[in-house]
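Sequence order for the protein chains is A and B. Just so we're aligned, residue 1 is where the first sequence starts under the numbering used here, counting upward by one. Just so we're aligned, residue 1001 is where the second sequence starts under the numbering used here, counting upward by one.
Any given hint could turn out to be false.
[To be verified] Listed next, with one range per pair, are the computed distances between beta-carbon atoms: (1) A/D51 with B/G1356: 21 to 29 Å; (2) A/P69 with B/P1417: 14 to 22 Å; (3) A/E66 with B/L1022: 31 to 39 Å; (4) A/P44 with B/A1044: 35 to 43 Å; (5) B/G1355 with A/L59: 31 to 39 Å; (6) A/E31 with B/Q1275: 40 to 48 Å; (7) A/R30 with B/S1401: 50 to 58 Å; (8) A/P69 with B/P1136: 45 to 53 Å.
Please keep in mind that the hints were generated in silico from the structure rather than gathered at the bench. The beta-carbon is built from N, C-alpha and C at its ideal position, and this holds for glycine as well.
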Amino acid sequence: MTGDLVSQPTSPSGPASNDAGRPVRLVADRERCIGAGQCVLTEPTVFDQSDADGRVELLIDRPGPELLPEVREAIALCPGHALSLTGT
Amino acid sequence: MTRALEPVADIESEAEAGTAELPPFPMPRVCPMDPPPGYATLAAERSVTKVVLPTGRTAWLVTGHGPVRQILNDPGLSVNRTDPGYPHLVAMTPQLMAMMAQVNSSLLGLDPPRHTVYRRLLINEFTVRRFASMRPRIQEIVDGCIDKMLAAGPPVDLHQLLSLPVPARVICELLGMPYQDHEIFEQSTQTMLNRKLSQPERAQAAGAIRGHVDRLVTVKENDPGDDMIGRLVVKYREAGLYDHQQMVGLAMLLLMAGHETTANTISLGVLALAQHPDQLDLLKRDPSVTPKAVEEILRFLSIVDASGGSRVAVEDIEIEGVTIRKGEGIIALLSGANRDGGFFPEPDALDISRGGRHHVGFGYGIHQCLGQNLARLELEVAFSTLYARIPGLRVAAPIESLSFKDDASVYGVVEVPVTW
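All chains should be modelled from the sequences, with the hints used to inform the complete structure.
Structure, rendered in structure tokens:
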């Protein structure tokens, strides 16, 4: 996880933030998504699958620090490498 | 069917020179619940090893959690089972290849960009939410099977009374297939997947399934109905991609993949838990750990060890300092990742407290098992209900005395006598 843009969260309730103090954003690349559902199993309050096409839908794109461990787990498990966190 | 002797000639002509020194693949198991120990011996030396297959051809065997995931995720590799370099473990006769080609072109053997198009047509049928809505029905099916076990026994064969009928009923209902056909599918699937049987026998079994599924798909074409095959017929037509033969291949794939794999995991899982009574006690005391137990059982068993991770290079690739040339076959050994002590401490212990999904029991990368969330649900309901309703369940024979499917592309057990 050394390459992550995410460092110490500043607020326990609001979105986690990066070094520059901007909140981290979760990005889902629906072109890469293969609909395995690993993210939904990991954190159903953040990830969902569309009824129409089965691909990932984000319920939250600025996850708070309390959700980051699960979000990171979902990123690591995603078989299509469709998920990432960015600092912008 | 009269050219049955041809594969022998094929095997000899395919043998490569200078393979005598290479380790063979597959290797024999010593304990039926563990992968062949020879794989760990190879893995201790290096994670990429050239091996010789029963056909006389060579392939690269890849072990280790990192390298196996790297292979399963490499865009320079193909899953096309009709590619001449694909590392089949038996010689492919023209008949077998024709059968394989039909299933192959439906999804199983497709690479991007075609794979992307066809997988996307399927994935909303396989979401976590869709299967969650099937939970009550799966519970009913499992309860019905356990009612029959209780009425019949003890002792009873758990494989015949629970492991096989649960996924068979579920997949038949899901696809919209009459359940009374399930015996034909069960027998034919097992014959088709058994590498020990002759090519004509296997081809005939595949032909029986194909004929049956072909008639079913024809029925759905005329009256789609609200089941998976019916919905897919409509959807493929709307996308301008409908092809009868391809839909027959897809229905065969879903039927076989949705059935034999889960059945063997239930039976082998019961044996694995019997072998680890402390873990079984944990599960019985707190059924809420069942989802974790399911993941650990999937890791521990790796039932599609070789077939799940077979690839052929479509360009030269580098892995762990080894160059694999275009056209060469690769077997990313799923047990070689799932039993990697560098990733899973004490990898040969069944430990349900691990509970993660970092195993590759369902594969990894873009071809990861389409039906994994159905399998998870069936396994969870089967294990939790079995031990809740029959807490005294135990295996009625020494595990070593049972017959295991050593020559099948999906590992399993033939019979599981249980008592209580």
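Hints and how they fare:
Evaluation of the 21 to 29 Å hint for A/D51 and B/G1356 yields a pass: the beta carbon distance comes to about 28 Å. The hinted window of 14 to 22 Å between A/P69 and B/P1417 is violated, with their beta carbons roughly 44 Å apart. Evaluation of the 31 to 39 Å hint for A/E66 and B/L1022 yields a failure: the beta carbon distance comes to about 53 Å. At about 40 Å, the beta-carbon gap between A/P44 and B/A1044 stays in the expected band of 35 to 43 Å.
Hint check: B/G1355 to A/L59, Cβ distance near 24 Å, so the stated range 31 to 39 Å is violated. Restraint check, A/E31 to B/Q1275: a C-beta distance of roughly 44 Å satisfies the suggested window 40 to 48 Å. At roughly 52 Å, the beta carbons of A/R30 and B/S1401 sit within the given window of 50 to 58 Å. Hint check: A/P69 to B/P1136, Cβ distance near 32 Å, so the stated range 45 to 53 Å is violated.
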